[in-house]
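Asks: Below, each chain spelled out in residue letters.
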Amino acid sequence: MSEQRKTLYEFTKGIIKENPVLVTLLGMCPTLAVTVLAENGIGMGLATTFVLVCSNAVISLLKNVIPKAVRLPCFIVIIAGFVTFIDFLMQGFLPELHSALGVFLQLITVNCIILGRAEAFASRNSLGRSVLDGLGMGIGFTLALFAMGSVREILGLGSWFGMKIPYLCDRPMTIFIMPAGGFFVLGCLIALVNKVAGKKPPKEISCESCPNAAMCKGQCKAEEGA
Amino acid sequence: MKSKIMPPLVLTLICILVCGMLVIAHDAAHVDNKGVMTKDMKKGCSDIFGEGDYEMLTRKNGHDTEPVTFGEKHVDSVIADKENKNCLIEMTCDGYAKGGLHLLVGIDKEGKIAGLYFLSIGETPGLGAKVAQKDYTDKFKGLRAEDDIEKIDTMTAATYSSNGLKKACEEALDVYTLHKGEIFA
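Those sequence lines, one after another, are chains A and B. Our numbering numbers the first residue of the first sequence as 284 and each following residue consecutively. Our numbering numbers the first residue of the second sequence as 70 and each following residue consecutively.
FYI, nobody ran anything at the bench for these hints, they're computed from the structure. Don't take each hint at face value.
[As the list claims (entries may be wrong)] Pairwise CB distance ranges, derived in the manner of DEER restraints:
(1) Asp216/B x Leu308/A: 51 to 59 Å
(2) Gly89/B x Gln374/A: 16 to 24 Å
(3) Gly411/A x Glu141/B: 48 to 56 Å
(4) Thr225/B x Cys490/A: 49 to 57 Å
(5) Lys112/B x Lys447/A: 18 to 26 Å
(6) Val105/B x Gly481/A: 53 to 61 Å
(7) Glu135/B x Leu291/A: 51 to 59 Å
(8) Cys88/B x Pro449/A: 49 to 57 Å
(9) Thr290/A x Gly89/B: 32 to 40 Å
(10) Phe376/A x Ser72/B: 38 to 46 Å
(11) Ser72/B x Tyr292/A: 33 to 41 Å
(12) Phe466/A x Gln202/B: 23 to 31 Å
(13) His132/B x Arg407/A: 48 to 56 Å
(14) Leu308/A x Ser115/B: 46 to 54 Å
[Stated by the list, open to error] Computed cross-link-like contacts, SDA-like style, restricted to lysine to any residue with a CA-CA straight-line distance of at most 25 Å:
(15) Lys108/B x Glu379/A
(16) Lys181/B x Pro136/B
(17) Lys249/B x Ala183/B
(18) Lys167/B x Met311/A
(19) Lys111/B x Glu379/A
(20) Lys167/B x Gln374/A
(21) Lys108/B x Gln374/A
(22) Lys346/A x Phe333/A
Glycine included, each C-beta is placed from N, C-alpha and C at the ideal position.
For reference, chain B alone in the conformation it holds in the complex (with noise of 0.2 Å):
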């Protein structure tokens, strides 16, 4: 009987045990950038537009303040200058890696493309983590939503990292003519 109950029930004290530690641990360890800029984002703001008065789209949800995305799966967060009518939008789209580009597209106040600057790049160093470099970026500065991104030619040996920053652009400029109006309000 002993050898039957034994097992399971200190595999499950266990688990218990080692549940109970992780909910401390991540009580403990977690922090949340939810709704807040972070350093690197106020220097992505800084780097495209220069100074100026930045401030997150946030909702409140509850008791939890969160960005506003608009419903949009590749858009994480919204940042407005309200004074000079510019906006970046925070993206986190697939390259060769699921999630491997992060990055702010600024969008200036006559909607095209003032530059692009990555928060994090999870592609292939000297592959696909090329597409964050300055002479393919400036690229995608001065397009509209119009405008053909896919014009724009793919890198070498990162084909999959081109098109997904040019999807990221794409998408940004699309929640950008769609919702400029709730943007700046």
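For reference, chain A alone in the conformation it holds in the complex (with noise of 0.2 Å):
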């Protein structure tokens, strides 16, 4: 792969092939909670995009000089800085925004989205390649936020950023905007996404891709077989 092919990779690998929320499975606390309108999505999805940006910039910058001892303190420190920074300015020019978000602002500090490009990429690629995988990660979790907050609105409220949608407005979903109806939107998104980018269940779950595999030492296999 040419440098320039690599470098527009790490910037559109988050978008469909890596999304963090709907091929990743990360960050599914404020997929969840926060996308019951496709306002909140975006505005969830920006913020976190925000901090991923910055938070990817200044640890690559600080790579060398932060003691592998420290790195993940060091990297929630810088993380939770942008974190309120984004919300101080959320609170003072968009409150309405900032109390529908509520707790979910302030907890994208522990996202896993960010702690992990942080520990994964950044640490260890130059700053230019780490704010371009930054910003992907980010638009794909918006884009996966604002998918979900839509279909969300639309069907459990008939409205979309605020604007009534005939017939769906006298026929609300209200299973939509509960969390089960968040849990189905999800799947059928996840499902989705798998068929356009064609992606396949494995031919057999092995013991190197799990997670547990330390702990088991292959007992759920003899199980299976007994």
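With the hints as a guide, dock the two chains, each given alone in a separate frame, to form the complex.
Replies: In structure tokens:
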């Protein structure tokens, strides 16, 4: 792969192929909790994108300075700094959105997408590539939340961005704005993305990709056989 | 030795740097609305009572000006039209969400609720947020402190939010009754 294509791939991979919500299933709490409205989805997505890009950039710049022993506390402090900053901005200029996002805005600090990208990518790559990775992942996260919010708002409230949709606004399906509806819409979107990306289920689930392999030591396979 | 000193030193330096930057960011981004009537509040006043000379009650606390709350937990500020003896009490009460109901309770010169105006609502859209609909808020119009607000039916699928709204109205009427003299002084 040429250098230019590699750089472009860092940006595009987060949008569909490695979408943090719909493919790697990270950041599920805010995804299910705040996507009752399309507007909330965009607000949460953009706030997370800002934190992702800024924290990736700073962590990439400081990767040679931060000792390995304290890398995670350092990452958390940097991420928390940007989250507090975006929290100040929203509280001051977008109080309604701030109130709608509630505690999930502050919880961006421990969002596994951000910490995951910091640990797996930004701390090992150059500034430019880290920023592109953060931007791509952020856009992917925003698009997923926007899609979730749109579907739930249209079906559950019969409106989109507050605009009433004829017929649906008189017959809203309230289940879609409740937690069960969130899971249902998420499942449908994951299925759709798998179809579009042509992803196939693994023929065999092996111990290599299992996170519990160290503890289990193949015990589950033995039980299955018995 | 270096391996023992460097990690905490770097972490401390990063913490100091982030804290310093946050202080600057706070000063740059903080919008102090204390004691200031926002556009939305002015709209709420005119929606409930029409045009008038509305003024937020404030007091000096050292160098700062802060809104008068009469020491009540859920009262954010009190707005008065002294000429027409109308009063609006800004309340933030818990519904299903903590602090999910942020509204103005308008009380006329007879001590009756003249109307409610929501400044923001953090309740679940389609469920708790329905308490902000006009057909429900109109049920509170004309109620006095001595009336039993509990008699008003709660909204289906919005019980917590309805109870929060009732509590907000009860507290606003109590504040008005207790401090009427000070509000229009």
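Asks: For lysine 111/B and glutamate 379/A, compute the direct alpha-carbon distance and say whether it is at most 25 Å.
Replies: holds, 17 Å
Asks: Evaluate the given range 33 to 41 Å for the C-beta pair formed by serine 72/B and tyrosine 292/A.
Replies: holds, 37 Å
Asks: Just tell me: holds or violated, for the beta carbon distance of phenylalanine 466/A and glutamine 202/B against 23 to 31 Å?
Replies: With Cβ atoms ~28 Å apart, the hint holds.
Asks: Confirm or reject the claim that valine 105/B and glycine 481/A have a C-beta distance inside 53 to 61 Å.
Replies: holds, 57 Å
Asks: Could you tell me whether the CB distance from threonine 225/B to cysteine 490/A stays inside 49 to 57 Å?
Replies: holds, 52 Å
Asks: Quick one: are leucine 308/A and serine 115/B within 46 to 54 Å, going by C-beta?
Replies: holds, 49 Å
Asks: Can you let me know if the beta-carbon spacing of lysine 112/B and lysine 447/A is within 18 to 26 Å?
Replies: holds, 22 Å
Asks: Take the C-beta atom of aspartate 216/B and the C-beta atom of leucine 308/A, compute their distance, and say whether it sits inside 51 to 59 Å.
Replies: At 53 Å between Cβs, range holds.
Asks: Does the structure keep lysine 167/B and glutamine 374/A at a Cα separation of 25 Å or less?
Replies: holds, 16 Å
Asks: Is the straight-line distance between the alpha-carbon of lysine 108/B and that of glutamine 374/A 25 Å or less?
Replies: With a Cα-Cα distance of about 16 Å, the restraint between lysine 108/B and glutamine 374/A holds, given a limit of 25 Å.
Asks: Checking one constraint from the list: CA of lysine 167/B to CA of methionine 311/A, max 25 Å. Satisfied?
Replies: holds, 22 Å
Asks: Are the Cα positions of lysine 346/A and phenylalanine 333/A separated by 25 Å at most?
Replies: holds, 20 Å
Every hint, counting from the list given before, is met by this structure.
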